[in-house]
Amino acid sequence: MKIFFKLIFIVIVIGCNKENKETSDIIPLEAVPKTAYITYLTPPNNFKSVIGWITAIHDRRTTQPSFIEIDYLRLYARVNGVDILLNSDEYNDNKAEGGLFLRNPWFGENNNNPILYEYRNSENLILRTSIKPDNVWHVWNNKWPRVNVPVNTERCWLEVKCKITGSALIQIGIDFWRDSTSLWAGYHVNNIEAGVSNWYYEQGVWHIIAFAKP
Numbered sequence: 000m001k002i003f004f005k006l007i008f009i010v011i012v013i014g015c016n017k018e019n020k021e022t023s024d025i026i027p028l029e030a031v032p033k034t035a036y037i038t039y040l041t042p043p044n045n046f047k048s049v050i051g052w053i054t055a056i057h058d059r060r061t062t063q064p065s066f067i068e069i070d071y072l073r074l075y076a077r078v079n080g081v082d083i084l085l086n087s088d089e090y091n092d093n094k095a096e097g098g099l100f101l102r103n104p105w106f107g108e109n110n111n112n113p114i115l116y117e118y119r120n121s122e123n124l125i126l127r128t129s130i131k132p133d134n135v136w137h138v139w140n141n142k143w144p145r146v147n148v149p150v151n152t153e154r155c156w157l158e159v160k161c162k163i164t165g166s167a168l169i170q171i172g173i174d175f176w177r178d179s180t181s182l183w184a185g186y187h188v189n190n191i192e193a194g195v196s197n198w199y200y201e202q203g204v205w206h207i208i209a210f211a212k213p
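Residues in the sequence shown are numbered consecutively from 0, following numbering that gives the first Met the number 0.
Don't read these hints as lab results, they were simulated from the structure. Treat the hints with care, since some could be wrong.
[Claimed, not checked] Only pairs whose alpha carbons sit at most 27 Å apart, straight line, appear in this in silico DSS-like list of lysine-lysine: (1) 142 - 131; (2) 162 - 131; (3) 212 - 33; (4) 47 - 162; (5) 162 - 142; (6) 33 - 162; (7) 212 - 160; (8) 33 - 131; (9) 131 - 160; (10) 142 - 94; (11) 160 - 33; (12) 160 - 94; (13) 94 - 212; (14) 47 - 131; (15) 212 - 162; (16) 94 - 131.
[Stated by the list, open to error] For each label pair, taking beta carbons as the anchor points, the in silico distance ranges come out as: (17) 105 - 130: 16 to 22 Å; (18) 192 - 63: 28 to 34 Å; (19) 89 - 186: 28 to 34 Å; (20) 213 - 104: 33 to 39 Å; (21) 120 - 45: 38 to 44 Å; (22) 113 - 151: 36 to 42 Å; (23) 111 - 63: 22 to 28 Å; (24) 179 - 132: 32 to 38 Å; (25) 149 - 192: 16 to 22 Å; (26) 121 - 203: 19 to 25 Å; (27) 147 - 89: 19 to 25 Å; (28) 185 - 205: 34 to 40 Å; (29) 120 - 187: 37 to 43 Å.
Glycine included, every Cβ here is placed at the ideal spot set by N, Cα and C.
Take the sequences, apply the hints, and build the full model.
Below, the structure is given as structure tokens:
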């Protein structure tokens, strides 16, 4: 009986190690960060505005096609216990904002090229990650000027509905900006990262991914 239980324990441990190995393998070495974190739930001093964003990449371990469908990108603020929709990209207007960034080193010097956006039935944004496997696909709320964070906000949080086909990965997060029209001026000058979600890569089903949701 003791031998039987030992065998079960060994099988479980091997299975867990295999799962962890597969999980770590799919997230590339160059990706920064690799796991979720939250630094700010509300804007730090001298920051007033906010955007939500998506980062998507192809799994370069395979040459098979991959793409990610985005149903919506919704940014919320919880104010006095009530969630308020600050910004929403539903992609039914066939409009998106973002760019293709260098993948290694991660985001390079922040230079980017235009994304060739594709839309399905004027409802979903499609990011064909495998056609640019050496790039980071970075998409953010396209409203301009950016939205300001309301007074008495307890936290900002983000929700994205997406579906992965093929081997690709997606991560979401929030940036705070000094104001609604300030421009990129280098890391942590006019914008600062509030945090990011974990990477998601389960294929074939619709997911609702949240960052910093209460």
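A quick look at each hint next to the structure:
Straight-line distance between C-alpha atoms of residue 142 and residue 131 comes to about 26 Å, which keeps the hinted pair within the 27 Å bound. Between residue 162 and residue 131, the direct Cα distance comes to roughly 18 Å. Compliance with the 27 Å bound is thereby established for this hinted pair. Restraint check: the Cα-Cα separation between residue 212 and residue 33 comes to about 19 Å, which is no more than 27 Å; the hinted pair holds. A distance of roughly 32 Å separates the Cα atoms of residue 47 and residue 162; the hinted pair therefore is violated under the 27 Å criterion.
With a CA separation close to 23 Å, the supplied pair residue 162 and residue 142 stays within the 27 Å bound. Distance restraint check for residue 33 and residue 162: the Cα-Cα separation of roughly 20 Å lies within the 27 Å cut-off, and the hinted pair is therefore satisfied. Using a Cα cut-off of 27 Å, the hinted pair residue 212 and residue 160 holds, with the two alpha carbons roughly 14 Å apart. Simply put, residue 33 and residue 131 have alpha-carbon atoms about 20 Å apart, close enough for the 27 Å limit, and the pair holds.
Between residue 131 and residue 160 the alpha-carbon distance is near 22 Å, which keeps this suggested pair within the 27 Å criterion. A threshold of 27 Å between alpha carbons decides the hint, and for residue 142 with residue 94 the separation of about 10 Å falls inside it, so the pair holds. Restraint check for residue 160 and residue 33: satisfied, since their Cα atoms lie roughly 21 Å apart, inside the 27 Å limit. Between residue 160 and residue 94, the direct Cα distance comes to roughly 17 Å. Compliance with the 27 Å bound is thereby established for this hinted pair.
Distance check on the hinted pair: residue 94 and residue 212 sit about 26 Å apart at the alpha-carbon level, within 27 Å; holds. With a C-alpha separation of about 34 Å, the suggested pair residue 47 and residue 131 falls outside the 27 Å cut-off, and the hint is violated. A hinted pair counts as satisfied when its Cα atoms are at most 27 Å apart, and residue 212 with residue 162 qualifies at roughly 20 Å. With a C-alpha separation of about 20 Å, the suggested pairing of residue 94 with residue 131 holds against the 27 Å cut-off.
Separated by about 20 Å at the C-beta atoms, residue 105 and residue 130 satisfy the suggested range of 16 to 22 Å. The beta-carbon spacing between residue 192 and residue 63, approximately 32 Å, falls within the hinted interval of 28 to 34 Å. Between residue 89 and residue 186 the beta carbon distance is about 30 Å. The supplied range of 28 to 34 Å therefore holds. Against the hinted window of 33 to 39 Å, the Cβ-Cβ separation of residue 213 and residue 104 comes to about 35 Å, which satisfies the hint.
Separated by about 43 Å at the C-beta atoms, residue 120 and residue 45 satisfy the suggested range of 38 to 44 Å. Here the CB-CB span from residue 113 to residue 151 is close to 38 Å, well matched to the stated 36 to 42 Å. Hint check: residue 111 to residue 63, Cβ distance near 26 Å, so the stated range 22 to 28 Å holds. The hinted window of 32 to 38 Å between residue 179 and residue 132 holds, with their beta carbons roughly 35 Å apart.
A beta carbon spacing of about 21 Å between residue 149 and residue 192 agrees with the range 16 to 22 Å that was offered as a hint. In this structure the supplied range 19 to 25 Å holds for residue 121 paired with residue 203, their Cβ-Cβ distance being about 23 Å. Distance hint check for residue 147 and residue 89: the Cβ-Cβ separation is about 21 Å, which falls inside the suggested range of 19 to 25 Å. For residue 185 and residue 205, the hinted distance range of 34 to 40 Å is satisfied, since their beta carbons lie about 37 Å from each other.
At roughly 40 Å, the beta-carbon separation of residue 120 and residue 187 lies within the given 37 to 43 Å, and the hint holds.
Against the hints set out earlier in the document, violations occur for numbers 4 and 14.
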